[in-house]
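These protein sequence lines map, in sequence, to chains A and B. In terms of this note's numbering, the numbers along the first sequence are unbroken and rise by one, the last being 390. In terms of this note's numbering, the numbers along the second sequence are unbroken and rise by one, the last being 620.
Hints were generated in silico from the structure; no laboratory data involved. Among these hints, one or two may not hold up.
One-sided excerpt, in silico: chain A residues whose CB lies under 10 Å from chain B [what the hints assert, rightly or not]:
{"hint": "1", "residue": "Lys2"}
{"hint": "2", "residue": "Trp9"}
{"hint": "3", "residue": "Trp12"}
{"hint": "4", "residue": "Gly16"}
{"hint": "5", "residue": "Gln278"}
{"hint": "6", "residue": "Val303"}
{"hint": "7", "residue": "Arg305"}
{"hint": "8", "residue": "Arg307"}
{"hint": "9", "residue": "Leu308"}
{"hint": "10", "residue": "Met346"}
Even for Gly, the Cβ is constructed at its ideal location relative to N, Cα and C.
Next come the chains, spelled out residue by residue.
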Amino acid sequence: MKLLPLIWWHAWRHRGRSALLIGCVCVAVIVPVLSRSLAARFERGLRARAEMAPLVVGARGGRFDLVLASLYFRSAPIDPVTFGRFETLARDPLAMAVPIHARFTAGGDAVVATDVGYFQRPGQPLAFAEGRLFARMGEAVAGSAVATRQSLSPGSSVLSDLREAYDITNVAPVKLNVVGVLAPTGTADDEAIFVDLETAWLLEGFSHGHDDAESIEREDLVIARQGDRVALSEALRTHQAITDENAASFHVHGSRDEFPLTAVLLYPKDERATTILQARLNSQAGMQAIEPAAVVDELIAFVVRLRLVFDAVSIVLAASTGALVALIATLGYRLRADELRTLADMGASWRTAALLVGGELVGLIAIGTIFALGLAWVALAVAGRVSAFL
Amino acid sequence: MGVDDQPLMAARGLRFAFDATGDPVVRLDEFVVPRGQHTAIVGPSGCGKTTLLRLLTGILSPSAGVIEFDGQRLDRLSDARRRALRIGRVGFVFQRFALLEYCTALENILVPLRLGGGSPGPAARDRAQALAEAAGIEHTLARRPYRLSQGEQQRVAICRALIAEPALIACDEPTGNLDPRRAESILTLIFDQAQRAGSTVLLVTHDHALLPHFEHVLDMGARAPHEANA
Chain A
1 MKLLPLIWWH AWRHRGRSAL LIGCVCVAVI VPVLSRSLAA RFERGLRARA
51 EMAPLVVGAR GGRFDLVLAS LYFRSAPIDP VTFGRFETLA RDPLAMAVPI
101 HARFTAGGDA VVATDVGYFQ RPGQPLAFAE GRLFARMGEA VAGSAVATRQ
151 SLSPGSSVLS DLREAYDITN VAPVKLNVVG VLAPTGTADD EAIFVDLETA
201 WLLEGFSHGH DDAESIERED LVIARQGDRV ALSEALRTHQ AITDENAASF
251 HVHGSRDEFP LTAVLLYPKD ERATTILQAR LNSQAGMQAI EPAAVVDELI
301 AFVVRLRLVF DAVSIVLAAS TGALVALIAT LGYRLRADEL RTLADMGASW
351 RTAALLVGGE LVGLIAIGTI FALGLAWVAL AVAGRVSAFL
Chain B
391 MGVDDQPLMA ARGLRFAFDA TGDPVVRLDE FVVPRGQHTA IVGPSGCGKT
441 TLLRLLTGIL SPSAGVIEFD GQRLDRLSDA RRRALRIGRV GFVFQRFALL
491 EYCTALENIL VPLRLGGGSP GPAARDRAQA LAEAAGIEHT LARRPYRLSQ
541 GEQQRVAICR ALIAEPALIA CDEPTGNLDP RRAESILTLI FDQAQRAGST
591 VLLVTHDHAL LPHFEHVLDM GARAPHEANA
């Protein structure tokens, strides 16, 4: 303790060198700590999400794409599965089926159409921070991160995005009225806006609402009348927002059985049911039933390989920092040789000399390490806010 | 003979060589440093003055002979005990001042107390202040050595040697870099402060002009080193 002031004064009055050493130690510590922590969190986040659904059913194609699109709501080039297929699965007593339609965005965030089963799924029911579940077409529930990012709360609204800005056949943006906000989950649910399937059909352009054909006064908008059937011009303006007044005017064109879904989440009642369903669905043409946990494990194996690269970088950094510390220690000892000889003449022991030189190095390394851990902690906290998986 | 009448240091049959087979660089049959007085070791460069000072203060161990410090056989003490004795009882003034460049003048003065154990308290700081005032450098206490003149640096070094109130002040060419007028004032400062602290002064110099200030002189340049009363 008596030598601490001497150690501190030396470090402080050579602060350029001290800062360099602290910086090098900081980098050497923060790279492995941060990369390993982020990778571990990423793995945990991916696994937890993958375990959300025992089986994911979709069109035959890329397994990774199907999992990414249906569980992480990432845009992926996959063929849709039909709503009719979902209804067949929903009638099966072996499992509970939840539809997922994640083909649109609003304000850049995924719009996920599903049913009440998604919110009451076994083991992981979703809680509301405020508001309630959607009850009709046009109502939306925002994930916590989306609500924060887009300042959404019950009573506010968000417009759906155009899929192609220059496609004149596009369905115009639809106003989604927010009626609830989910509590944070640390999963992809935080990053999505949830609506019912009727809203998905509206976004797809399979349904719309407009004034009653009988009450249309402009005859140029009526192409033909045949009994009760009326053919209307495309120039007729459809409603872009669902209100109490116009809600009844919305109707579907076409067969719902053919409407597209991204995937169907299946919650089999037991392991036997899982095996039976997987075997049955995988034998059907154009279908696949996959266990997302197994797919994510493959993905994580890739992440682990990536981590090896970070580990190699960390080893190089640690070695170069070690060399720098050794260089500074050696040069420091040489530069301080006269001072240490003077102190030895005055009666200081070799231990005092070692404490003066070594204590300063150890102190600076400790400060660098503490800095690195503090920075890593802040970085992890920020990363956790930026991404649901970190 | 009372304790005060006994010499502070004595050496008999002293021999020292840097390697076992080489010729001794110090050869001294008898030498006494009287307590409370001023003794000079004089001689040309390379005659072994500094080596003798280092032997007498326990920094070096003799190849042969006896060294006594206040009745203790220095040549029989372990390195650790010799170090402890230096810290507690010897104050050093080095030729090139040897101040710690990263410490202020005040911090430099307090260094021996830190080496001796414990942090210097307010009393030690007051004493450092008083020493600095006596040396005329009280206005420089917050400055680091590179902002001090040579004379100021030497005064800081003298204050450092005196801070622990040592029994012996060992000075190695403390005036070597100074002009005669400044050399004399430095010498006066050392003597005055040593007298106040009741310390004995043992000083190495090659400057014969300083010898009239000393009660005892050991001339190392003579064919056989001999003591003389100045």
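Now the hints, each set against the structure:
| no. | hint | verdict |
| --- | --- | --- |
| 1 | Lys2 | holds, 5 Å |
| 2 | Trp9 | holds, 5 Å |
| 3 | Trp12 | holds, 8 Å |
| 4 | Gly16 | violated, 13 Å |
| 5 | Gln278 | violated, 73 Å |
| 6 | Val303 | violated, 48 Å |
| 7 | Arg305 | violated, 49 Å |
| 8 | Arg307 | violated, 43 Å |
| 9 | Leu308 | violated, 44 Å |
| 10 | Met346 | holds, 6 Å |
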